[in-house]
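Student: Protein chains in written order, with full-length UniProt numbering: chain A, 1 to 409; chain B, 1 to 66.
No more than 35 Å apart at the CA atoms, straight line, and that leaves these computed lysine-lysine pairs for DSBU-like:
id : chain 1 : residue 1 : chain 2 : residue 2
1  : A       : 64        : A       : 47
2  : A       : 360       : A       : 381
3  : B       : 33        : A       : 360
4  : B       : 33        : A       : 386
One side only, chain B facing chain A, incomplete, derived with CB under 7 Å:
id : residue
5  : 20
6  : 28
7  : 32
8  : 47
9  : 54
10 : 55
It should be emphasised that the hints constitute simulated quantities derived from the structure, not laboratory data.
Nothing here was measured: the structure is a model prediction, and the numbers come from that model.
Virtual Cβ for every residue (Gly too), placed ideally from N, Cα, C.
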Amino acid sequence: MSGTVIVGASVAGVRTAQALRSQGYSGAITIVDAEEEWPYDKPALSKSFLSGQSHRDSLELISKTEAASLEIELLLGTRAIGLDVAEKLLEVDRCVPIAYDSLVIATGGRARPSPWGQPEGVHVLRTLDDARKLHNDLSPGAHLAVVGAGFIGAEVASTARAANVEVTLIDPLPYPMSRVMTPEVGDWFSRLHEAHGVTTRFGVGVESIDGGRGNFALKLTDGTEVRSDSVLVGIGSMPNDEWLTDSGLLIDNGVLCDEFCRAIQTEGIYVAGDAARLMDQQTGPSVRLEHWTNAVEQAKTVAHNIVNPGDAQIHQSVEYVWSDQYDWRIQVAGRPSHDLDQVTHGDPFVQGRAAAIFVKGGALRGAVVVNWPRVLIEARKAIARKWTAQELNDRIESLTQSVSITSKD
Amino acid sequence: MAKQAKADYEACQGYANCVMGAEDYFDLDDDGKVVLLASEVPESDEPRVAEAARSCPVSALWLEDS
Ligand SMILES: Cc1cc2nc3c(=O)[nH]c(=O)nc-3n(C[C@H](O)[C@H](O)[C@H](O)COP(=O)(O)OP(=O)(O)OC[C@H]3O[C@@H](n4cnc5c(N)ncnc54)[C@H](O)[C@@H]3O)c2cc1C
Ligand code: SF4
Numbered sequence: 001m002s003g004t005v006i007v008g009a010s011v012a013g014v015r016t017a018q019a020l021r022s023q024g025y026s027g028a029i030t031i032v033d034a035e036e037e038w039p040y041d042k043p044a045l046s047k048s049f050l051s052g053q054s055h056r057d058s059l060e061l062i063s064k065t066e067a068a069s070l071e072i073e074l075l076l077g078t079r080a081i082g083l084d085v086a087e088k089l090l091e092v093d094r095c096v097p098i099a100y101d102s103l104v105i106a107t108g109g110r111a112r113p114s115p116w117g118q119p120e121g122v123h124v125l126r127t128l129d130d131a132r133k134l135h136n137d138l139s140p141g142a143h144l145a146v147v148g149a150g151f152i153g154a155e156v157a158s159t160a161r162a163a164n165v166e167v168t169l170i171d172p173l174p175y176p177m178s179r180v181m182t183p184e185v186g187d188w189f190s191r192l193h194e195a196h197g198v199t200t201r202f203g204v205g206v207e208s209i210d211g212g213r214g215n216f217a218l219k220l221t222d223g224t225e226v227r228s229d230s231v232l233v234g235i236g237s238m239p240n241d242e243w244l245t246d247s248g249l250l251i252d253n254g255v256l257c258d259e260f261c262r263a264i265q266t267e268g269i270y271v272a273g274d275a276a277r278l279m280d281q282q283t284g285p286s287v288r289l290e291h292w293t294n295a296v297e298q299a300k301t302v303a304h305n306i307v308n309p310g311d312a313q314i315h316q317s318v319e320y321v322w323s324d325q326y327d328w329r330i331q332v333a334g335r336p337s338h339d340l341d342q343v344t345h346g347d348p349f350v351q352g353r354a355a356a357i358f359v360k361g362g363a364l365r366g367a368v369v370v371n372w373p374r375v376l377i378e379a380r381k382a383i384a385r386k387w388t389a390q391e392l393n394d395r396i397e398s399l400t401q402s403v404s405i406t407s408k409d
Numbered sequence: 001m002a003k004q005a006k007a008d009y010e011a012c013q014g015y016a017n018c019v020m021g022a023e024d025y026f027d028l029d030d031d032g033k034v035v036l037l038a039s040e041v042p043e044s045d046e047p048r049v050a051e052a053a054r055s056c057p058v059s060a061l062w063l064e065d066s
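With the rest of the complex left out, here is chain A:
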């Protein structure tokens, strides 16, 4: 009896195990994770856990009681180091190889390391341990330099400001979260940080970081210098896929999988979460998604496909990511981008809420919503059901009055 072996006990891995049971799977389930920590969830690590408002208990992805009653076995502190696809064996660092019938790869990602060195006081943020260390450096009046204004950097800046830490936010791109924002919407977020007392240095990169805790000097590409007590480097993440290099699986910035979440050209091997990269039949490898909700939805699809191999389901979900910064809940659905037309409803600085809808040729592509839950739901449903942009805009207008339109070309 080998059952299902899941590698990675974070949200993708744990939710796969739970979904297997709720879909009636009766085989053995084993989850292997390199970390010793009982499975925890990550979003709060840059928000309420970092600020000290929430505690370790509230991060648990599954209770010990539930794991026991669902007969999910956790092998913590056990790192997967290789895979023998032909023999269906997972090689680990702590014991003999583990046999599986189905394997789920849910090894997620890790923070991209600081290219400027990482002495004490220079942080990255991915794990619980990272969050604890960073928390210890957030004392009131201290100065934190945040390198990278993506979601993580922007959230840490916000949490640090709430703790009365002085913050300088640095990014070579012209506005925060540029990967998913457009200039107009990006400007909301630049102004948001500035309104909360963050010194922003957008459009300049970091050349070097010298000094030590309490006394860092960051040299910027425009010749200026920023001084700080500690530094957070939030410059993205990398997939944990190196352990599969010799396995024969197709790896290219993530484990390539098909629309059924199966590793390409394999049987009984599935991928979920940040480690997965969808290989589109027509367009080739697509963006590797790194969002909580995508991980949960892939977990559900993987479980379904393990339980019902004859009736495999396609992973179809509307991309969705949220971020909490200051008193704004920012929600992004679908895929906003620079080359789309944009319709804006409301102004977050006037009404305290706003939505930007992204459109190409009448088709709806994405939405960025600030503090407006009803609109967010309409947008997620609209994208899922392929409504036209007009249908969505009409619905939003029935919830609002002020509309301004900016059009490309």
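Got chain A; can you put chain B with the ligands on it based on the hints?
Tutor: Chain B with the ligands in isolation, oriented as in the chain A frame:
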């Protein structure tokens, strides 16, 4: 045996993952708080509703034996 869907309204943050998972059971009100459209969950719907509940990022939803 049917189960009961339960919500912790204080915890709910209006992410709407539950609505996307089972919109016949969950909706949001204007303040972005979850609304239970039906609390009795027959066995046939249980896997789907359980998964919608587990897709809540703040664990504000769960099923209880009734
Ligand atoms: C600070 C922070 C804040 C975030 N906030 C948000 C947010 O607000 N909204 C949102 O949508 N998303 C957010 N995210 C992203 C979200 O948390 C991730 O998409 C999610 O954690 C991905 O889950 P995963 O299970 O795929 O991988 P991960 O969470 O990366 O977990 C992978 C697991 O695999 C284990 N592992 C790796 N390699 C091995 C190996 N060789 N052997 C055994 N085990 C291994 C690791 O120890 C880890 O436990 C945030 C992420 C971070 C870090
Ligand atoms: S998913 Fe959770 S937080 Fe979101 S609306 Fe539903 S109950 Fe509330």
